[in-house]
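Participant: These are the residues of each chain, in order.
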Amino acid sequence: SQKIEQNSEALNIQEGKTATLTCNYTNYSPAYLQWYRQDPGRGPVFLLLIRENEKEKRKERLKVTFDTTLKQSLFQITASQPADSATYLCALVMGNAGNMLTFGGGTRLMVKP
Amino acid sequence: GAGVSQSPRYKVAKRGQDVALRCDPISGHVSLFWYQQALGQGPEFLTYFQNEAQLDKSGLPSDRFFAERPEGSVSTLKIQRTQQEDSAVYLCASSLHPSRPMDTQYFGPGTRLTVL
Numbered sequence: 001s002q003k004i005e006q007n008s009e010a011l012n013i014q015e016g017k018t019a020t021l022t023c024n025y026t027n028y029s030p031a032y033l034q035w036y037r038q039d040p041g042r043g044p045v046f047l048l049l050i051r052e053n054e055k056e057k058r059k060e061r062l063k064v065t066f067d068t069t070l071k072q073s074l075f076q077i078t079a080s081q082p083a084d085s086a087t088y089l090c091a092l093v094m095g096n097a098g099n100m101l102t103f104g105g106g107t108r109l110m111v112k113p
Numbered sequence: 001g002a003g004v005s006q007s008p009r010y011k012v013a014k015r016g017q018d019v020a021l022r023c024d025p026i027s028g029h030v031s032l033f034w035y036q037q038a039l040g041q042g043p044e045f046l047t048y049f050q051n052e053a054q055l056d057k058s059g060l061p062s063d064r065f066f067a068e069r070p071e072g073s074v075s076t077l078k079i080q081r082t083q084q085e086d087s088a089v090y091l092c093a094s095s096l097h098p099s100r101p102m103d104t105q106y107f108g109p110g111t112r113l114t115v116l
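First to last, the protein sequences are chains R and V.
Quick note: the working numbering has the first sequence finishing at residue 113, numbered continuously throughout.
Quick note: the working numbering has the second sequence finishing at residue 116, numbered continuously throughout.
Worth flagging that the hints you see were computed from the coordinates, not collected in a lab.
We treat Cβ as the ideally placed atom computed from N, Cα and C, and that holds for glycine.
Quick list of simulated restraints, FRET-style, between CB atoms:
#, chain 1, residue 1, chain 2, residue 2, range
1, V, E68, R, T68, 34 to 42 Å
2, V, L55, R, D67, 26 to 34 Å
3, V, R64, R, E5, 28 to 36 Å
4, R, A31, V, E85, 31 to 39 Å
5, R, K57, V, Q80, 38 to 46 Å
6, R, T78, V, G16, 45 to 53 Å
7, V, P70, R, P82, 41 to 49 Å
8, V, G72, R, L70, 39 to 47 Å
9, R, L62, V, E68, 34 to 42 Å
10, V, G3, R, K59, 14 to 22 Å
11, V, G3, R, S8, 24 to 32 Å
12, R, T68, V, G16, 43 to 51 Å
13, V, S62, R, S8, 21 to 29 Å
Start from the sequences, fold in the hints, and give me the full structure.
Facilitator: Written as structure tokens, this is what we have:
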């Protein structure tokens with residue numbers, strides 16, 4: 001079955017540094033991979049989508065890479081701010097009926113001032 | 001415009017009780033999803049509707065779980081004879097189109113179910 005792994009340990013970084021989060025997957029070759037942000041008590045919020053034929057995608061301070069050979073995606077936030085503190089989830093689009101998502105366990109990011 | 005709303009936000013049930021969780025998707029959204037999120041975990045897919053048709057219910061953990069979307073808008077997730085392992089946050093999400101993997105899913109705030 002599909003397995004998606006994210007570092008379950010919280011990532012603590014200093015304000016202004018670059019945060020790098022990792023998502024690894026097995027047993028599937030997804031056409032799309034998405035990243036979401038989730039704050040406590042709220043539902044996930046979509047951030048970025050990257051296609052299998054895209055190596056890298058950027059949006060403001062966010063950057064996502066997708067290496068289908070390594071079966072890995074990296075998510076980076078540059079010039080991190082305390083407001084970036086949240087849990088970040090990667091999700092594969094499984095492409096069955098509809099476009100249901102298979103999520104990793106999420107990585108909690110803490111940015112300290 | 002209004003996002004996805006869910007009610008109630010919190011539900012406490014005694015083991016064995018039946019519960020009903022409601023989802024109001026974004027108006028006009030064709031696709032509707034239910035996910036279950038255990039504490040400290042990522043959401044897990046439960047079921048998918050395209051308008052009123054339930055096209056995928058492969059994630060429902062048992063026959064105690066039942067979902068419907070009779071008029072293609074509001075959806076209800078019903079759990080019969082609740083068990084402690086059903087305690088989780090139940091998330092609803094909607095997207096505009098059917099079966100387009102690049103579509104953004106918009107999530108509601110979730111219903112936190114606690115079974116005592």
